[in-house]
Amino acid sequence: MIKPGTLILTVAARLLMPLQLLFSVFLLLRGHDEPGGGFIAGLVAAGAFALYLFAFGRRAMHAILKVSPRDLVGMGLLLGVLSTLPAWWVGDPFFTAQWWTIPIIDFKASTPLIFDIGVYLVVLGSVLTAISALIKTDHEDQPDPEEATWNH
Amino acid sequence: MEPLMAVSIGILFATAIYMMLRRSIVKLVIGLMLLSNAANLLIFVTAGMTRGAPPLVPPGMTAPEGAVADPLPQALVLTAIVIAFGVLSFAVVLVRRAWEIVRADDLDKMKDTDT
Amino acid sequence: MQLALLMGFLLAAVAPLLHRWFGGHTARVMAAYPALMAVWLLGLAPEILAGESLLLEWAWVPGLDISLTFFIDGLSWLFAMLITVIGTLVLVYAGEYLRGHRDLARFLVVITAFMMSMLGLVLADNLVTLFVFWELTSITSYLLIGFNHTDPEARKSALQGLFVTAGGGLALLAGFAMLGVAGDSWSLVELNSQGEALREHALYAPLLVCVLLGAFTKSAQFPFHFWLPNAMAAPTPVSAYLHSATMVKAGVYLLARLHPSLGGTELWVITLSLVGALTMATGAFLAIQHTNIKKQLAYSTVMALGTLTMLLGIGTEGALTAFVVFLLAHSLYKGALFMVAGILDHETGTKDVTAMGGLRSLMPRTAVVAAVAAVSLAGLPPLLGFLGKELMFKAVLEAEAWRWLVLLLAFTAAFLTLAVAAVVVLRPFFGERRTTPSSPHDPPMDMLVGPALLAGLSLVFGLVPGLLDSLVSATASGIGTAEVTAHLTLWYGVNLPLMLSLASLALGILVFRHWDRVRAALTRLEPLMTRGPEAGYEAMMRGLVAVAEWQTRMLQNGYIRNYLVMTLLGLLGLVGHALFFRHSPSFPFSVDAYFHEVVTAGLMVAGAVAACVMRSRLAAVAAVGIMGFSIALTFVLFSAPDLAITQLLVETLTVILLVLVLFRLPRFATLSTTTERLRDLVVACLMGTMVTLLMLSVLGGERLPRISDYMVQNSQPLGHGHNIVNVILVDFRALDTLGEMFVLALAAIGVYAMMRFHAEEYDAKPSAPPERYYD
Amino acid sequence: MIELLKSGLILVGAIFMFLAALGLVRMPDLLTRMHATTKAATLGATLIMLAVALHFGEVAVVARAFGVILFIMMTAPVAAHVIGRAGYFVGARLWSGTVKDELRPNYDPLTHELKSGLETQENAKRHPRDTDPD
Amino acid sequence: MMPQVALPILIPLLAGAVSLVFWRSRGMQRFVAVAGTGGLLATAIWLLATVNREGILVMHMGDWQAPFGISLVADLLGAIMVVLTGIIGFAVALYSLATVGRGHEKFGYFPLMHLLLAGVAGAFLTGDIFNLYVWFEVMLVASFALLILGSEKAQMEGAIKYVTLNLVSSVIFLVAVGLLYGMVGTLNMADIARRLATLEDTGMVDVLAMMFMVAFGIKAAAFPLFFWLPASYHTPPVAVSALFAGLLTKVGVYALYRVFTLIFNQSPGYTHEILLWGAGLTMLSGVLGAAAQYEFRRILSFHIVSQIGYMILGLALFTPLAIIGGVFYIMHHIIVKTNLFLVSGIVHRLRGTYQLKQLGGLYRSHPWLAVLFLIPALSLAGMPPLSGFFAKFIVIRAGVEAEAWGVTFIALLVGLLTLYSMVKIWNEVFWKATPEDGDADPYPALGQREMWLMTAPVVGLALCTLFIGLNAEPIYSLAEASATELLDPSRYIEAVLGEAEEVMP
Amino acid sequence: MSTVILLSLALMCLALCLAFVRLFKGPSLPDRVVALELFSSILVGTIGLVAIATDVASLLDVAIVMALMAFMAAIGFARFLERGGPRDD
Amino acid sequence: MIGAAWNLLLGFAWVVLTGDFSGRNLLAGLLFGYLVLALIQSQVPALAGHAQRLPRLIMFIGFFLKELLLANLKVAFDIITPPWYMKPGVIAMPLKASNEFEIAFVANLISLTPGTLSLDVSDDRRVLYIHAMFLDNEDELRRSLAELERRALELFH
Ligand code: NA
Ligand code: NA
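Chains as they are written, first to last, in full-length UniProt numbering: chain A, 1 to 152; chain B, 1 to 115; chain C, 1 to 775; chain D, 1 to 134; chain E, 1 to 505; chain F, 1 to 89; chain G, 1 to 157.
Here are the simulated DMTMM-like pairs of lysine to aspartate or glutamate, each with C-alpha atoms no more than 20 Å apart in a straight line: (1) 424(E) - 295(E); (2) 100(D) - 139(G); (3) 109(B) - 676(C); (4) 115(D) - 124(G); (5) 87(G) - 102(D); (6) 100(D) - 138(G); (7) 106(E) - 450(E); (8) 108(A) - 20(G); (9) 153(E) - 100(B); (10) 357(E) - 549(C); (11) 100(D) - 136(G); (12) 156(C) - 428(E); (13) 153(E) - 106(B); (14) 357(E) - 153(C); (15) 87(G) - 101(D); (16) 87(G) - 29(D); (17) 106(E) - 71(A); (18) 357(E) - 151(C); (19) 424(E) - 151(C); (20) 96(G) - 102(D); (21) 115(D) - 123(G); (22) 25(F) - 29(D); (23) 111(B) - 549(C); (24) 100(D) - 140(G); (25) 115(D) - 82(F); (26) 111(B) - 676(C); (27) 424(E) - 549(C); (28) 109(B) - 152(E); (29) 424(E) - 153(C); (30) 351(C) - 153(C); (31) 153(E) - 108(B); (32) 424(E) - 538(C); (33) 74(G) - 29(D).
Everything labelled a hint here was simulated from the structure, so no lab data went into it.
Based on the sequences and whatever the hints tell you, model everything.
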């Protein structure tokens, strides 16, 4: 039986993965002004989890991800669609950007940002869904706890 | 540069088509990858290429100073790249499942549904 | 009237319900409906017989000039009367004939629907509406022929009938379309008022051919006659109704109806006379040759239809008079005879006349009815059939085109028909008694009332033909271009037609005497007469399937390569043609490129080419990676950092994905031959060249200003972002991005489902039947 | 001065990169090729990033340049290790001039167990820890 | 703001997202399936009513004026198509409740269905050429996933062909968009139309027209680009087949109508002549393909191809009447073809096979099903007075008026051959006695609820067919109004761009 | 662009070509992976050079992502090898 | 570690207090924080050794760069000259480093220095297998590797 990763790889993964994740959030948040944005950030984050996956296996990756990648996809899509709706509330066409300044930290929140976060989640969730589905059938045979939650 | 790229992209298309016409399913997938890359590049190149002026507004300004590269095709290509990524991931896995289920690498052996 | 017609369809639809309530009486109950209609029509008689006509307007699809307007003149009134009266009788008859049959309700549905369709057909003023009812009769007739649907022969005959009549119907549709276009109207009344212009129109010949095709197929004219005898697979009431009295006459009706607008030309006269005469003779020959009573009657119907067509072709006043009389006579005696045939079949259990004999004593009432009807069929006085035949001979002698040939054919048909009439009555009812599968006796009243009434009418009209004067005049006037005044009488004096009648009587008796020998002699003609066109039809059907299979083998052959090549050749052909013949390209050849840019492009190409030529899968993947990285570098060199990042992230993730997948896949193998590879190479190179030429054309051609300049100027002030590409992605063109998100999500769902969901594991719920794709 | 230093850094960096590639082509076996690539390329990238830092001189850019250096130094050896290990264990043929191989005897290709060669002396005193990778 | 322009896209998107979020809850998914498609249908009707009353509706997404942002445009054709999408979506959703297995539900059947509908609706409503590409992809990938759901051997084989050829189409489309942008510098279709008219070199316009023709021709399954369709449509669960059969190719047809009336209308003598040839060959090859088949769904699949020919014929003739006929044909065909697939599903549910040779006896055992089959089948064959008759009649009349004898003849012949196929099915499935081996294993009887869920959509669609046939006038006027709009693109352009000066920064 | 940069770019390009040669020649998969890895490393340098040459600092973001993520490909390949994928493939 | 965290915190506090959010100011904050911590480290046991880390780190980086450059030249020389001077081989290097982080750190450093490449760590983590290019003087090599490990481990203690 092959172990998921060697010592050197696991240590590197432990170091690099948070770094990559942090970097992905950075790319996401500043994407409106510099190269970056939801896609790129999402792909980086997906790469980060993929590294973790290679080093520690699928179960460990799910453990740090906490939610199922499919939930991420769903949430991301929902966020993306919902971010188009506030415009309706104020009577603008869908997708019209709404900007709000959050007073205390002087952070400019906007529907494009929410939208971009949606993109981020979808990209991350999709790639992870695909990769973990591929990995699962690759070598793990035990039933997946997440599959048992399906209500009949 | 554009004419040169036009020729290069032509070759990319040719390789893609050639690979897609092979009988091996794996080659088919590689052909599809080449094809989508070629198409994306084509959009980028046809819209015109600009050196050293990315479409970014410098901090504190409202518009770039000089001429910048056309941002619109870039956005289109970005969309197209991501779409192609999704579609190709699907195609790759499809090929794998097809192989597992049909047990034939040869596309010529996958014609039961037609005949 | 329209409402009544639509209600009739509704009545048809609720027949099963009625059947539940009324049981065995349903047919009689439903027969009340056409009877009522007949009464209503009878109420119109004074006006119609006085030569007036009625136009009942009713809009349907005004945009297309389609209306449900009904036009009632002598011709349509006569047909409508026949349809409703015989329809009533047939319904009553069928109720008894099919008593206890499990499909009686379905039968009633279809035959009522047929009746209404037929009625609509003869009443419609609008070409399209007429066509609608025309096709409805084809379909209902199909359902009726295939009534005994578990019998393969019945199904085959039904298909044949449908295919021939619907095929003709489509020709008719084309003809109508041309007619409508040529006459700039879809109303028969209007079209009939501009016959001159139509006959001069450039479309006249093609539209006439199309219309004739439609009419000839429907009315079983040579060489389309073969479907009609096969249609005898239907229950006898159906044969009586559809295949003698009504549907098959739809074609004749149409010809009569269009006579004012299309008739009279040389093309019309020659085609109709010859085809009609040929059909007559064919029908008569075939009738004499068969022993199955229904087939005999069917072929004699073919003969009668030929006669009617021929008369329309001759088109003189006398011919039109003869047409009306013959039409009426035929409907009456043939309806009666079919019902008699049904009684025989019902009572004896066989349809073969040679197997029956001496039934007169067992079923005397039937015998009388049969005899009367047969005498009319034979064309003997004092029945209406005699009058019809006399008038027919008279008309033929007036014919302008091919007179003697037509006369010869008509005469032949006449004496053969006489022989048939003799066979049909004398064989079963007279002579020595033969045992039949079931023991016969006279049927119940319901079955006898119809034939008796029809035969009786033949006799009444034969004895007092003057009753028909106004009807014949009104009808013939509607068909002809000029007023026709008819004075019918049984005795026109000793003239050529009478001579011909006598001669035919003599010859007919002769043939009957030697029927068995004649039959034997005629068998030799069989291939010519029946197998000829029918074999043609069957060869055509086989050919159709063969061509279809050949095409499928050629095109839809399962080889994805072939699909791709076809698709790409389609693209190459179309775009290449446009590129070379529609466009005059001017290519700019000012290559300003730095060394490193050229190398980058070169590496990109090299990576792609390497992916093609390398013999290992993962090496090819790595080579694709090189290409991807080179493309990313191109993006860097030409000011697209976002793209470069995306490209290389995607490239990396793709490699990961591929590696995960390829692990489970087989290695590359050399499968194609060198020739195939060369062919593919040619296609590939052509595609590549085309793309290059396209790009050069666009790059060197006229280029308009970009909308993106607006985005460059406004992305910061309005979009509050410095990265213009990102502002486009999340604001200007956020809808694209939204779609793209969903694409990615969908791909992920797909991948997940493919890897984890195998139907056999999940859908093994007990209620789902198994899929069988390969059985 | 800065210009000169920058040019020097760039040129030397580029030369190292080139050498790395040359080594990759020239070296006789997988592991020696990896020697050529990992370090020279890392060094080359480092030097060029230093030049970038010098060239732009803004904090944000300098930070990014150092970011690149840091990341490449973190990832390059990991990649090298992973490939080298995989290449070696699945049977990369070593160059004929290889003088020594202390690993091969300690590796069991069936169980993928890699011994240290010290077990016999201390008799496997060490017990599994919970920090062990699973 | 008129939200009904965007809601037919946003509702299924939202429904898809919600279904995905609640992917663990079967009940929720089933509820959303009905509610989402019902909402789609409702908003679509609302949209059509508004468009019919007020003319072309435009929404500039994100409030970016055309041509800078993406505009959604609902003209009559678009609105009609969206309504049809709603009808089919709702019908198939109901049908799916009864027919789709638990495994399918668990692995995303309903989200995929919603998103397929969203892609289709998006394609019908967008006024932006690249956005059209995006919706095509949404639709396509959703269809990929639906096609393979279940991972059966036939599905895999069909899917490979489907995916490959459709990707080729996407790439051709993408390349054409790229070239187009390079030439005219805009993506808004109205703007493209306006700018192309100012180009001096119309040759390149024709070249691009050919590229779009091929790209959409593949989607529409026109000759010689249709191979993917008969290779795959008979492989997925029948609800999926029905959804595909009704909508997917029609998106290609719609796109052809859109670009060849709005954008590439400069040289109809060239482009539409080619379309005419394509239409004829499509009709013929499709119908011949069907004649050789003995599998229920394969026959139907080939007939999709042949019927596409009629629709393209309408566009190719390019006369007002022809366009009316084409639009009418699309409306009729979507309903009828979906219905036939649904009926085939019921047959399969009852007998466990789609092979005609093994079927039989259904006329005896299920007369109501026989009627439900006959209505769409005869309509498909163009038999009066059903919807298909009027569709065919208009097209043929237009052909005669345009004196296009060849294609008119083919159109008629194909009608006959279609009838032949339908009768073949009728003969084999309904009339023929049950073959010896056909009813070997007794399938469990349909549950009451299951049966209602399966039959209700079929009955509903059959009623639509009858309604269109017996009351053709309103549908005709709708098609006529739509054709008038299509033939006068300036109305579309004005609605999108306003009457302002040409915007060429 | 200064001569030094052009010269350096030329050198880097040659390096890229050499890496490609190794990738093409193989002979084993690890060799190709090493070549791909080197290719990406050289790209990082090249991007730095281009950034200097064009004075566009934002290109460094590409380099960062490359430095941080490109090695993942190598890890993927290594995984393939370790799971028993044929190394001469 | 606590020291580093404190230092970071102080740096941020500085940035917030001064209200200047530039990177330069953060650097300044970190520097001041470092100095402050260096001043108080004798009083706070948790901060022991904090101040020594920076000079050690700087010295280590210098050492490492020197090694990197010199050895790279050596390899480069071998690459460009046609004959091979190298004597490659795989050696086992006993590790002093105990926890996995240290082991990985050392292994990666060794990989980065030319002429040596870490292949793998033995399962019991006591030996690092290294592929070396120049085994002509193995003892010298082992010594310099040990030196590298020692200096690297110093950073953590
Ligand atoms: Na693509
Ligand atoms: Na499609």
